[in-house]
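S.K.: Spelled out, the chains give:
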Amino acid sequence: MVLPPNVSEAEFANALSEFTSAVGNDWVFSSDEDIALYRDSYSVYWGEEEERIASAAVAPANVEQVQQVVRIANRYRIPIYPISTGRNLTYGGAAPTLSGSVVIDLKRMNHVLEVDDKRHFALVEPGVSYFDLYDYIHERGLKVMLDIPDPGWGSPMGNSLDHGVGYTFGPYRDHFGSHIGLEIVTAEGEIIRTGMGAVPGSDSWQDFHYGAGPSIEGLFAQSNFGIVTKMGVKLMPMPESYLSGYVSVPRYQDLQGLIEEVSYLEDSYLIGMPLYASPVGGSFMNTTAAVRALMENGWPTMNQLESFVSSEGLPAWSVKLQFYGPEETVRANWTAAQRRFAASIPGATFEEGEFLTLPIPDADIPSLADKVRFGIPNLEIFHLVARNPMTDADPPDGHADLFTMIPRKAEAVWDSARMMVEAYRDFGVPPVHSPFATPLTYYSRTLVMPTLLPSWRNAAKNKHTRDLYMHILDKAAENGWAPYRTAPAFQGHAISKYSFNDSALLRFQEKLKDSIDPNGIISPGRYGIWPANMRKIRG
Amino acid sequence: MKRRTTLKLGLGSSLLSSLPLTGLAGQISRPIEHLQVLVNRKYTESGHLADAMLRHNIIPQDISGDLGSLWYRSIKPQLETKPAMLFGMTDIIDLFCLEELARDFGMQTRFRLDHIIHGNGQIQHVPADGLKIAEIRQLIPASAGFGSMAKELTTLALQNQRSPALHYKKSGPFERPNNTLLVTWLIS
Numbered sequence: 002m003v004l005p006p007n008v009s010e011a012e013f014a015n016a017l018s019e020f021t022s023a024v025g026n027d028w029v030f031s032s033d034e035d036i037a038l039y040r041d042s043y044s045v046y047w048g049e050e051e052e053r054i055a056s057a058a059v060a061p062a063n064v065e066q067v068q069q070v071v072r073i074a075n076r077y078r079i080p081i082y083p084i085s086t087g088r089n090l091t092y093g094g095a096a097p098t099l100s101g102s103v104v105i106d107l108k109r110m111n112h113v114l115e116v117d118d119k120r121h122f123a124l125v126e127p128g129v130s131y132f133d134l135y136d137y138i139h140e141r142g143l144k145v146m147l148d149i150p151d152p153g154w155g156s157p158m159g160n161s162l163d164h165g166v167g168y169t170f171g172p173y174r175d176h177f178g179s180h181i182g183l184e185i186v187t188a189e190g191e192i193i194r195t196g197m198g199a200v201p202g203s204d205s206w207q208d209f210h211y212g213a214g215p216s217i218e219g220l221f222a223q224s225n226f227g228i229v230t231k232m233g234v235k236l237m238p239m240p241e242s243y244l245s246g247y248v249s250v251p252r253y254q255d256l257q258g259l260i261e262e263v264s265y266l267e268d269s270y271l272i273g274m275p276l277y278a279s280p281v282g283g284s285f286m287n288t289t290a291a292v293r294a295l296m297e298n299g300w301p302t303m304n305q306l307e308s309f310v311s312s313e314g315l316p317a318w319s320v321k322l323q324f325y326g327p328e329e330t331v332r333a334n335w336t337a338a339q340r341r342f343a344a345s346i347p348g349a350t351f352e353e354g355e356f357l358t359l360p361i362p363d364a365d366i367p368s369l370a371d372k373v374r375f376g377i378p379n380l381e382i383f384h385l386v387a388r389n390p391m392t393d394a395d396p397p398d399g400h401a402d403l404f405t406m407i408p409r410k411a412e413a414v415w416d417s418a419r420m421m422v423e424a425y426r427d428f429g430v431p432p433v434h435s436p437f438a439t440p441l442t443y444y445s446r447t448l449v450m451p452t453l454l455p456s457w458r459n460a461a462k463n464k465h466t467r468d469l470y471m472h473i474l475d476k477a478a479e480n481g482w483a484p485y486r487t488a489p490a491f492q493g494h495a496i497s498k499y500s501f502n503d504s505a506l507l508r509f510q511e512k513l514k515d516s517i518d519p520n521g522i523i524s525p526g527r528y529g530i531w532p533a534n535m536r537k538i539r540g
Numbered sequence: 019m020k021r022r023t024t025l026k027l028g029l030g031s032s033l034l035s036s037l038p039l040t041g042l043a044g045q046i047s048r049p050i051e052h053l054q055v056l057v058n059r060k061y062t063e064s065g066h067l068a069d070a071m072l073r074h075n076i077i078p079q080d081i082s083g084d085l086g087s088l089w090y091r092s093i094k095p096q097l098e099t100k101p102a103m104l105f106g107m108t109d110i111i112d113l114f115c116l117e118e119l120a121r122d123f124g125m126q127t128r129f130r131l132d133h134i135i136h137g138n139g140q141i142q143h144v145p146a147d148g149l150k151i152a153e154i155r156q157l158i159p160a161s162a163g164f165g166s167m168a169k170e171l172t173t174l175a176l177q178n179q180r181s182p183a184l185h186y187k188k189s190g191p192f193e194r195p196n197n198t199l200l201v202t203w204l205i206s
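Taken in sequence, the protein lines are chains F and Y. The numbering of the first sequence is this note's numbering, which starts it at 2 and goes up by one. The numbering of the second sequence is this note's numbering, which starts it at 19 and goes up by one.
Pulled out of the complex, with its shape left as it was, chain Y reads as follows (with noise of 0.2 angstroms):
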C-alpha cells in the first residue's frame, strides 16, 4: 500500500526506460516485472490477448472468476509487495470493480480504449479523448480477433497516459444491452 511509489511509476513516458518493456510494440520476449496484464476469459477478445501475452512469457491473470478473490488473494498481495501498473482488456463491470479496488494504492485509469461488439459482429473502437483513431487502428483491427492484436496496445497505454479525469470512473458498472463492451485500459 505503499501508493506514492506505485503512482510515481505511472506518470509517464519519461519513466519508461527504467522499465522493462523494451520492443514491447514489436516482440516481447521477456516478462515485464512492473506490469501485471489482467484479462477475463469469458469474453473471446480478452482470451485472444491472455494467449497472446502468453506467447511472449507474460502470464496474465483471469478474473472471469470472481474479482474480489483475485484481487485480494492475488493482485493485492502482490502490489503490496511490488509496486505495478495494471494492464487488461476486460468488461467495464471489471474496470469499475478495479477502479474501486485501485483506490487503496493511489492508482487509477490512466488510458482506455473502448471495443464495442454489436450484436451483428461488428466491432468499433472508441478511443478516448486524445488517442487518434487512425492510430489505434494501425495496432488493432477491427474485426474479430483483434484481442490476438491487442498486446500492441501496451506500448501506446503507456505512452499515452492522460489526466485520470478523462478515463477515471467515466462510467458505472452497468451495461449497455444487445452488445458486449470491453474495455483495454491501464490503470497506474
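Same shape as in the complex, but just chain F (with noise of 0.2 angstroms):
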C-alpha cells in the first residue's frame, strides 16, 4: 500500500476510519485491487516508481459527505485529488498527480439537477457524464444540443475544468468558457458559489456568470484550490440545420488567405468549428511518400513546396465550413463564404458537403459519421484510431498527447510543423509531420500543432516518450509556444515555460494556494502549483 506524504500507517488507518464514517463502509476504497482501478492507464510511468498510485479513494455521495471528507483530510494532513469520471485518458485518468492521494471519486454525485431549454443551460453535478446528460435531454425532448469532447465518457464538469474541447460552434466549444455558475466547496470545507449563486434566492445563476466583483472561477479551473460541487453549462438552442461545406486552395502560400478568412468567419459567429486538411499532402499526422521524398535533404523551400503542388496537380490546402442554424442562414452564409474566399484567393473552390435537418433522427444515429459535431456522446474514437497506420509498426498502449498553442498565421503553422520534425530527428525518430500539417482548431481564437507521443506497459520506451515530450516542450517554448493542457507528468515541466517575469504568475497562484488551502491537501502539485509544504519536491 502506498502512503500519504508524511502520515504514518496508524494516522492513515484512523483516516481512512474517519472517511467511512463519513461516506459509508461501501465507498472508501483502499484495498490493493481497489486502488488498482485508478491507475492511469496511459501512465507514462507504467510499472514504475515514479507511477502516480493512489492511497485509497473515497466516494461522497453528496456535497455535505464531501465538506467531511475534506475536512478530515485537513486535520491528518492528507493530501485529496478529486476526479468527476476520471476517464480524461492522456491527461492523467483517475490517477492523482501525487502518489499517496486519496482520490476523492465523485461518481455518486450523478444528478442532472436542472436543463432549461428556453434559457439554454444545464445544472449539473460532477459524475455527470454526457453520455447522462444527453439522455436527460433527449427523453424529455428539450430543444438544446450538447458540445461534447471525444470520447464521451467525460464529465461536462471535469472535462471543462480541465480546459476540454468540443467540436461544433466556437463559444460551445471551449467548455470552461461555456460554464455558467459553479459551487466550491474550499479546503477548510466552506461552500462558496460564483456569481449570482452567491445572491440568495437568486434565479439567474445560470444566466449571468460575473456577478459583482472579481471572477473566481478559473481559479477552480486545472488547479488545486477546491472542489468543485456544481456547474452551470451554457447550452446551444437545438440548431434547426447543418450545412458543410469545403474550400480548397491551389497554392501552399494560399494557407495565409484561408485562415484569415476562417478566422473572419468565425470571429464572426457565422460558421462552427472549421476543419483544416492538405489534399496534397495526406492526413492528419501522416504524410505521403513523396512528401517524406520531398523532405529527405531538409526542410523545403517555398518554391520547391510550391513546385511539389503544382506537380502533383492537387490543392494544397483545403477546410471543412460547418454552418449550424435555420435553413435560410446556413445557406447564405455559405453563399457569404464563397464570396468571401473568392474574393481574397484567386483559384479558390468550392464543394458543397452535407444538408442535414437537425435534430437527426434516432434511427440515423447509429449510422451516422462524426457523433461529436452533434453533439451525441459515443466511444467510437477508440475504434477510430486503434489502428492507424502511426501505430500499426509497434502498437502503443497509449498516447501522451502535446498540443502547442500557435498563433492564427500560416507562418506559425509551418515553423511549428518544422520545429516538430527537427524535434523528431533529434531523437531519430521518424517524425509524423511534414510542411503540410495542418493545425486543429478546438479553440476559436488561436491554432494548435498537436502531437500525440505513444505509452506503453514497458518503461524504457516511455523513458523514450518522456524524453522527446520534454524534449519538443522545450523547443516549443523557444519559439513562444507552449501546451494549453498535458499529463500530471509533464505539468510542471509545462508549466516552467510560462515564465514571464522570473514566473510572476506561478509564485502568485502559490501564494494564493498557500492562503486557500494552508495545508496543502487539494492535489498537490497539479498544474505544477505545490503547497508551501511540499514546494521543495517540485519537479
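Bear in mind the hints are in silico, worked out from the structure with no lab data behind them. Please note that the accuracy of each hint is not assured.
[Stated by the list, open to error] Heads up, simulated DSS-like pairs for lysine-lysine below, C-alpha to C-alpha not over 25 angstroms straight-line:
no.: 1; chain 1: F; residue 1: K372; chain 2: Y; residue 2: K60
no.: 2; chain 1: F; residue 1: K464; chain 2: F; residue 2: K537
no.: 3; chain 1: F; residue 1: K464; chain 2: F; residue 2: K476
no.: 4; chain 1: F; residue 1: K410; chain 2: F; residue 2: K476
no.: 5; chain 1: F; residue 1: K321; chain 2: F; residue 2: K372
no.: 6; chain 1: F; residue 1: K498; chain 2: F; residue 2: K537
no.: 7; chain 1: F; residue 1: K462; chain 2: Y; residue 2: K188
no.: 8; chain 1: F; residue 1: K321; chain 2: F; residue 2: K410
no.: 9; chain 1: Y; residue 1: K94; chain 2: Y; residue 2: K150
no.: 10; chain 1: F; residue 1: K498; chain 2: F; residue 2: K464
no.: 11; chain 1: Y; residue 1: K188; chain 2: F; residue 2: K464
no.: 12; chain 1: Y; residue 1: K94; chain 2: F; residue 2: K372
Two independent chains are provided; combine them into the complex using the hints.
M.R.: What follows is the structure in C-alpha cells.
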C-alpha cells in the first residue's frame, strides 16, 4: 500500500475510519485491488516507481459528505485528488498528481439538477457524464444541443475544469468558457457559489456568471484551490439544420489567406468548427511517401513546395466549413463565405457537403459519421484510432498528447510543424509532421499544432517518450509556444514555460494556494502548483 | 453502484454454488441471472458464441454498435439494480473501454484468454498466467468456429479468476495489424 506523504500507517488507518464514518463502509476503497482501479491506463510511468498511485479512494454522495471528507483530510494533512468520472485519458485519468493522495471519486454525485431549453443551460453534478446529460435532454425532448469531447464518457464538469474542448460552434467548443456558475467546497470545507449564485434566492445563477466584484471561477480550472460540486453549462439552442462546405486553395502560400478568411467567419460567429486539411500532403499526422521524399534533404524551400503542389495536381490546402442554424441562414452564410474566399484567394474552389435537418432522427444516429459535430456522445473514437498508420508498426498502449498553442498565422503553422519534425529527428524518430501538417481548431481564436506520443507497458520505451515530450516542450517554448494542458507527468515542466517575470504567475498562484489551502491538501502539484510544505519536491 | 456486493460475487469459485450455474460446462438449460454476456457480432467467432448462448436461453448483449450507448443505457442501469459478473468475447478495444467503465462498480478483469486470428486464418489461443493451454484445447478448438464452443469457457473463467494484476489493464486499446485479436474475459 502507498501511504500519503508524511502520514503514518496508524494515522492513515484512523483517517480511513473517519472517511468511512462520513461516507459509509461501501464507499471507502483501500485494498490493492481497489487502488488498481485508479491507475492511469495511459501513464508514461506505468509500473515504475514514479507512477502516480493513489493510497485510497473515497466516494462521497453529496456536498455535505464532500465537506466532511475535506475536513478529515485537513485534520490528518492527507492530500486528496478529486475526479469526476476519471476517464480523461492522456491527461491523467483517475490517477492523482501526487502518489499517496486519496482520490475523491465524485461518481455518486451524478444528478442532472436542471436543464432549461428556453434559457439554454444545464446545472449538473460532477459525476454526470456526457451520456447522462444527453439522455436526460433526449428523453425529455428538450430543444438544446450539447457540445461534447471525444470520447463522451467524461463529465461536462470534469472536462470543463480541465479546459476540455468540443467540436461545434466556437463559444461552445471552449467548455470552460461556456460554464456558467460554480459551487465549490473549499479546502476548509466551506461552500462557495460564484456569480449570481452568491445572491440568496437568485434565479439567475446560470444566466449571468460575473455577479459583482472579481470573478474567481478560473481559479478552479486546472488547479487545486477547491472541489467543484455543481456547475452550470451553457447549451446551444438545437439548430434547425446543418450544412457543410469545402473550400480548397491551389497554392502552398494560400494558407495565410485561408486562415484569415476562416478567422473572419469564426470571429463573426458565422461558422462552427473549421477543419483544415491538405489534399496534397496527406492526412492528419500522416504524410505521403511523396512528401517524405520531398523532406529527405531537409525542410523544402517555398519554391520547392509550390513546385511540388503544382506537380501533384492537387489543392495545397482545404478547409471544411460547418454551418448551424435555420436553413435560410446556413445557405446564406455558405454563399457569403464562398464570395469572400473567391475574392481574396485566386483559384479557390468550392464543394457543398452535407445538408441535414436537426435533430438527427434516432434511427439515423447509429450510422451517422462523426457524431460529435451534433453533440451525440459515443466511444467510437477508440475503434477509429486504434489501428492507424501511426501505430501499426508497433502499437502502443496509450498516448500522451502535446498540443502547442500557436497564433492564427500560416507562418506559425509552418514553423511549428518544422519544429516538430526537427525535434523528432533530434531523437532519431521518423517525424509524423511535414510542411503540410494542418493545425487543430479546438479553440476558435487560436490554432493548435498537435502531436501524440506513445505510452507503453514498457519502462524503456516510456522513458524515450518522456524525453522526447520534454524535448518538444523545450523547443516549442523557445518559439513562444506552450501546451494548454498536459498529463500530470509533464505539468510541472509545461508550467515552467509560463515563466514571464521570474514565473510571477506561478508565484502568485502559489501565494493563493498557501492562503486558501494552508495545509496543501487539495491536489498538490497539479499544474505545477505546490503547497508551501511540499514545494521543495517540485520537479 | 453498490460495488462491494458486486465485487464479492466475483471473488471465487466457493461462491459458485450460490449462482445458478449448475451444469454450465455441459448443458446450460436456463438463464444465468448473475452473469451478463457481451458479444460483438462484428466478429464471426463472437457471433458464434452469441448463437451458442442463445441456444441455451442466455441472451447476450451485442456491442457491435457503440459500446458507450450500450453501457450507459443498458449495462450500467442493470448493474445498478442487480450486481452481475460480465463475461464476453470482444476485441481488445471493447475490453479496454469496459475495464475503464467497470471501475464505477469496483469491477475488474479477472480472467482473460486471447484469441489471435492471423491473416492466414491460423488461430492461436493465448492463455494468461495460471491457465494451461492443454486445458483450453480440451474446451475449444484452435480452428474456425471456436466461438461456438467458447461458452464452455464460462465455467473455466469462473473457476480461474485470478488477481486482477495478471489481467487488468494489461494493455491499451491499440491493435496489432494483420490479425484480429479477440479476447474472452470475465469482469467481476
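S.K.: Given the hint that K462(F) pairs with K188(Y), test it: the Cα-Cα distance must not exceed 25 angstroms.
M.R.: Satisfied, since the Cα-Cα distance of roughly 16 angstroms is no more than 25 angstroms.
S.K.: With a cut-off of 25 angstroms on the C-alpha distance, tell me whether K94(Y) and K150(Y) pass.
M.R.: violated, 33 angstroms
S.K.: Decide if the proposed pair is consistent with the structure: K372(F) and K60(Y), CA atoms, cutoff 25 angstroms inclusive.
M.R.: Distance ~20 angstroms between K372(F) and K60(Y) Cα, so the pair holds.
S.K.: Do the alpha carbons of K321(F) and K410(F) lie within 25 angstroms of each other, as the hint requires?
M.R.: holds, 18 angstroms
S.K.: Check whether the Cα positions of K498(F) and K464(F) lie no farther apart than 25 angstroms.
M.R.: Holds. K498(F) to K464(F) sits at ~21 angstroms (cutoff 25 angstroms).
S.K.: Does the structure keep K188(Y) and K464(F) at a Cα separation of 25 angstroms or less?
M.R.: Given that 25 angstroms is the threshold and the Cα spacing comes to 19 angstroms, the pair holds.
S.K.: Tell me if the straight-line CA distance from K464(F) to K476(F) falls inside 25 angstroms.
M.R.: The hint holds at about 18 angstroms.
S.K.: Do the alpha carbons of K498(F) and K537(F) lie within 25 angstroms of each other, as the hint requires?
M.R.: Holds, at about 19 angstroms.
S.K.: Does K464(F) pair with K537(F) here, judged by a C-alpha cut-off of 25 angstroms?
M.R.: holds, 24 angstroms
S.K.: Would the pair K410(F) and K476(F) pass a check requiring their Cα atoms to be no farther apart than 25 angstroms?
M.R.: holds, 19 angstroms
S.K.: Are K321(F) and K372(F) close enough, with their CA atoms no more than 25 angstroms apart?
M.R.: holds, 16 angstroms
S.K.: Given the proposed pairing of K94(Y) with K372(F), does the C-alpha separation stay at or below 25 angstroms?
M.R.: holds, 22 angstroms
The structure fails hint 9 only (numbered hints given earlier).
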